[in-house]
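Protein chains in written order, with my numbering: chain B, 1 to 115; chain A, 1 to 114.
Read the hints as simulated data drawn from the structure, not as lab findings.
In this text the structure is predicted, and so the values were computed from the model without any measurement.
Take these hints with a grain of salt, some might be off.
Said to hold, decoys possible - Some chain B residues judged to face chain A by a derived CB distance under 10 Å, without partners named:
id : residue
1  : Gly43
2  : Ile83
3  : Thr86
4  : Phe90
5  : Lys102
Glycine included, every Cβ here is placed at the ideal spot set by N, Cα and C.
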Amino acid sequence: AQSVTQLDSQVPVFEEAPVELRCNYSSSVSVYLFWYVQYPNQGLQLLLKYLSGSTLVKGINGFEAEFNKSQTSFHLRKPSVHISDTAEYFCAVRAHSEGAQKLVFGQGTRLTINP
Amino acid sequence: DSGVTQTPKHLITATGQRVTLRCSPRSGDLSVYWYQQSLDQGLQFLIQYYNGEERAKGNILERFSAQQFPDLHSELNLSSLELGDSALYFCASSAGQGRYNEQFFGPGTRLTVL
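Assemble the whole structure, with the sequences as input and the hints as a guide.
See the structure below:
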């Protein structure tokens with residue numbers, strides 16, 4: 001079984017400041033890792049994913065994340081945030097197994113950008 | 001726009017009632033997934049269908065059932081509704097079961113049980 005812990009439920013930052021949203025996971029098998037964003041009253045949109053290869057992955061809207069296998073972490077970063085980045089962010093994992101397609105999500109981190 | 005559609009957008013009903021939520025996957029996608037987002041439990045996987053057959057089950061209550069039809073749309077049926085069933089229900093679809101298998105999410109149906 002897999003579990004995901006997002007270490008901060010809320011993160012307030014000022015516009016143009018850098019931000020890091022933290023995610024740790026636990027799994028007895030290898031996993032794929034994802035970050036999704038949910039804007040108010042909308043569905044989930046994929047920001048980025050780690051499947052294999054380089055541990056630093058770049059996504060949409062200037063976000064990037066680094067997979068650290070030894071620390072079982074997949075933290076999301078952006079060097080300079082904008083008001084439009086205000087949203088809820090979800091870290092998720094999926095087991096490598098062909099038969100196990102479900103995503104296991106963390107509790108979410110609400111990112112609030114202040115002007 | 002992900003290409004996944006869900007109807008209705010909002011649903012308000014009373015305890016004990018039964019409702020049906022509908023999902024149309026992206027064109028060509030064979031897999032459909034249902035997730036529940038509630039304040040208590042967060043985002044949880046409920047069930048997956050692949051080309052009409054159930055493939056995986058999560059924490060889906062016995063009062064809930066789902067099916068995927070030959071045209072690949074899916075319905076989630078919730079019966080004997082309780083206050084705690086109030087949540088946002090998402091449908092997602094993906095092309096198949098391969099490794100690079102991005103799930104595309106619909107806008108969700110917000111269910112309020114009074």
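**Study point:** Cut-off 10 Å, beta-carbon criterion: hint that Thr86 of chain B touches chain A
**Key:** violated, 18 Å
Point to revise | Hint check: 10 Å Cβ-Cβ cutoff, Phe90 of chain B to chain A | key: holds, 6 Å
Review point. With a cut-off of 10 Å, does the beta carbon of Gly43 of chain B approach a beta carbon of chain A closely enough for the hint to hold?
Key: holds, 4 Å
Exercise for review: Go through the hint on Lys102 of chain B and say holds or violated, using the shortest Cβ distance to chain A against 10 Å.
Suggested key: It holds, given that the least Cβ distance between Lys102 of chain B and chain A is near 4 Å, below 10 Å.
Check your understanding: Taking the closest Cβ pair, is Ile83 of chain B under 10 Å from chain A?
Key -> Nearest chain A Cβ about 22 Å off; hint violated.
Violated hints for the displayed structure, listed by number in ascending order: 2 and 3.
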